[in-house]
Amino acid sequence: MIRRWVAFWDQREPATPLAVTRICVGLVVLFDLLIAKYQGAVPALWSAPPVGLAWGASSDPAPLATRWLGASPHAAELLWGIAFAAALLMTLGALHRVAGLVLTVALIELARLEPDGDAIDQLLRVVVPVLALSRANARFALDAWFWRWRGKPPPENVPAWPRYLLILQLLWMYFSAAQNRLDPAWYPQGGFSAISHVLGDPHFARFAPGTLRRIYPLTQLATALTMVFEGSAPLMLLWLWLDPASGEPRGGKFGALTRALGVRWIWLALGASLHVGIVVTMQLGIFPFGMLALYPLLLRPEEYERVAARLL
Amino acid sequence: MSPIVGRAWAVVRALLITLAIALGLIAGWPMPDAAAIARLPPALRGVATTMPKVQAALLAPFRCFSDPCQLAQRWTLFSTTGGVRYRLWVEARSNRKQRFRLLYRAQDPEHAFMRGVLEYRRVRNAWNPSRRGIKQSYAPFTVWLSRAIFLQEPELNETRIRLERVQILEHGEGIASLGDFSDEIVHTRAEIVP
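If you're matching them up, the sequences are chains A and H in order. Yeah, the first sequence ends on 312 if you go by our numbering, and it's all consecutive. Yeah, the second sequence ends on 194 if you go by our numbering, and it's all consecutive.
Please note that the accuracy of each hint is not assured.
Calculated cross-link-like contacts (lysine to aspartate or glutamate; reagent style DMTMM-like; alpha-carbon spacing at most 20 Å) [stated by the list, open to error]:
no., chain 1, residue 1, chain 2, residue 2
1, H, K135, A, E13
2, H, K97, H, E170
3, A, K152, A, D60
4, H, K135, H, E173
5, H, K53, H, D67
6, A, K37, H, E119
7, H, K97, H, D33
8, H, K135, A, D118
9, H, K97, H, E173
Computed beta-carbon distance windows for the label pairs [to be verified]:
no., chain 1, residue 1, chain 2, residue 2, range
10, A, D60, H, A57, 49 to 59 Å
11, H, S130, A, F254, 22 to 32 Å
12, H, Q55, A, G190, 47 to 57 Å
13, A, D60, H, M51, 28 to 38 Å
14, A, G190, H, V11, 43 to 53 Å
15, A, R213, H, V12, 41 to 51 Å
16, A, L261, H, P61, 25 to 35 Å
17, A, E302, H, Q136, 41 to 51 Å
18, H, L40, A, V276, 38 to 48 Å
What the hints contain is simulated information worked out from the structure, not anything from laboratory work. Glycine included, every Cβ here is placed at the ideal spot set by N, Cα and C.
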């Protein structure tokens, strides 16, 4: 059992899913930082009061950024610049490990200065270091190109554990969200009214509250599907096991049925629709994009190769 | 890497991953609130009230890492919806004899002063109340915003920032104002931009 557990985490596979995820996550972080800059929010967010909102700068112990750089608007711009440069390098796959670790520290420091972050910030503080420790730079990366130019091409197969660990993180996030839904509005006894409520919240609604009343039944359906999707997240591990890359038939008749029905793909499509729905109807910033950036992990390297073979 | 070192590293890595997964599950384990505990049979109530203490004790050795890195595994996404919600109002005036002028109000395209930055998600996090009420960043937010208003609008000398309480209506009908406000903070130019 222990030997199989060790062997499981020691598996290797082509780096494609990790590389695509690295690019997607990097782009999401870059996009978010660029919006902060474009809106002129950098000094506001990461300078100490009264110039900014960074009340975390006065916490005890003070954030490293405050100790090293201070908590002035200039320090905020410098920290932003470090985070932006690291995110850019990570997206390009240049100096990947260093860039990923610098970005991890920068994201932690940004959060310590401004502790009232969202769930997506919390998630990125887990995802970025795991990606940094992976060999996500073995494909679609300047590092890989440089190694090839030096005559030392990157390995065909890289450790698979970062992908497996990030899949567990993603599935746990959904499942935990479902567990923590205490509001009856998410359940039949509350009429599945939760999403309609959120769409009426003046601080999150993209359209004026009440605009979408004609599609109220659709919002009820979306609420029910959200709970089914999130509550069934751990089953994705089963769907993945029943649909192995080797094509080996697993799970008897039940496995054959899930493969024939494409249950894994239905779950993925449901998740993608949920996040696209959020993009269209709510103002949640990078949250839906950050979540979708992790979906490439749920596809196997062989599936990328099949798509590439069809396209090219 | 020699085969022996490689094998040893595989074991160490599997152990570290197992530890990370175990800690994540412990940190993210759902804790029942007081109302849920009250509904439990008496035999289970003791277990439920002990759970947070056990969780805290198990995680204590790792707090020196998880706290500064702000790592957590309980994901509360829209755990409560509906009921009473809030709508941010930003107002200002030149002097006390005048009425306050509305500069910004959430979901009001007619009053959209600094809308881009106010609705940027990181700034919104500072003023949007969570299910536990306003955040620690709300007061610094009002100071920062007042300062920005006074610097941009030299004729304005007093700001009032507050949250209108609104009721979310059922069946997607929108919102209804409850006619009152909470968390009102007034700042003067003399206090913010001396």
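Status of the hints after comparison with the structure:
At most 20 Å may separate the alpha-carbon atoms for a hinted pair to count; K135 of chain H and E13 of chain A exceed this at roughly 45 Å. At roughly 41 Å between alpha-carbon atoms, K97 of chain H and E170 of chain H are farther apart than 20 Å, so this suggested pair is violated. The suggested pairing of K152 of chain A with D60 of chain A is violated, with an alpha-carbon distance near 47 Å, which exceeds 20 Å. Pair hint K135 of chain H plus E173 of chain H does not hold up; C-alpha atoms about 28 Å apart against a cutoff of 20 Å.
Of the supplied pair hints, the one linking K53 of chain H and D67 of chain H holds, its CA atoms being roughly 17 Å apart against a limit of 20 Å. A hinted pair counts as satisfied when its Cα atoms are at most 20 Å apart, and K37 of chain A with E119 of chain H qualifies at roughly 14 Å. A C-alpha spacing of about 49 Å is found between K97 of chain H and D33 of chain H, which places the hinted pair above 20 Å, so the restraint is violated. Distance check on the hinted pair: K135 of chain H and D118 of chain A sit about 13 Å apart at the alpha-carbon level, within 20 Å; holds.
Distance hint between K97 of chain H and E173 of chain H is unfulfilled; the C-alpha atoms sit about 38 Å from each other, more than 20 Å. For the pair D60 of chain A and A57 of chain H, the supplied restraint of 49 to 59 Å is violated, since their beta-carbon distance comes to about 24 Å. Restraint check, S130 of chain H to F254 of chain A: a C-beta distance of roughly 43 Å breaks the suggested window 22 to 32 Å. Our hint of 47 to 57 Å for Q55 of chain H and G190 of chain A is violated, since their Cβ atoms are close to 28 Å apart.
Look at D60 of chain A against M51 of chain H: about 29 Å separates their beta carbons, and that is inside 28 to 38 Å. At about 49 Å, the CB distance of G190 of chain A to V11 of chain H agrees with the hint of 43 to 53 Å. Restraint check, R213 of chain A to V12 of chain H: a C-beta distance of roughly 58 Å breaks the suggested window 41 to 51 Å. Look at L261 of chain A against P61 of chain H: about 45 Å separates their beta carbons, and that is not inside 25 to 35 Å.
At roughly 49 Å, the beta carbons of E302 of chain A and Q136 of chain H sit within the given window of 41 to 51 Å. A beta carbon spacing of about 39 Å between L40 of chain H and V276 of chain A agrees with the range 38 to 48 Å that was offered as a hint.
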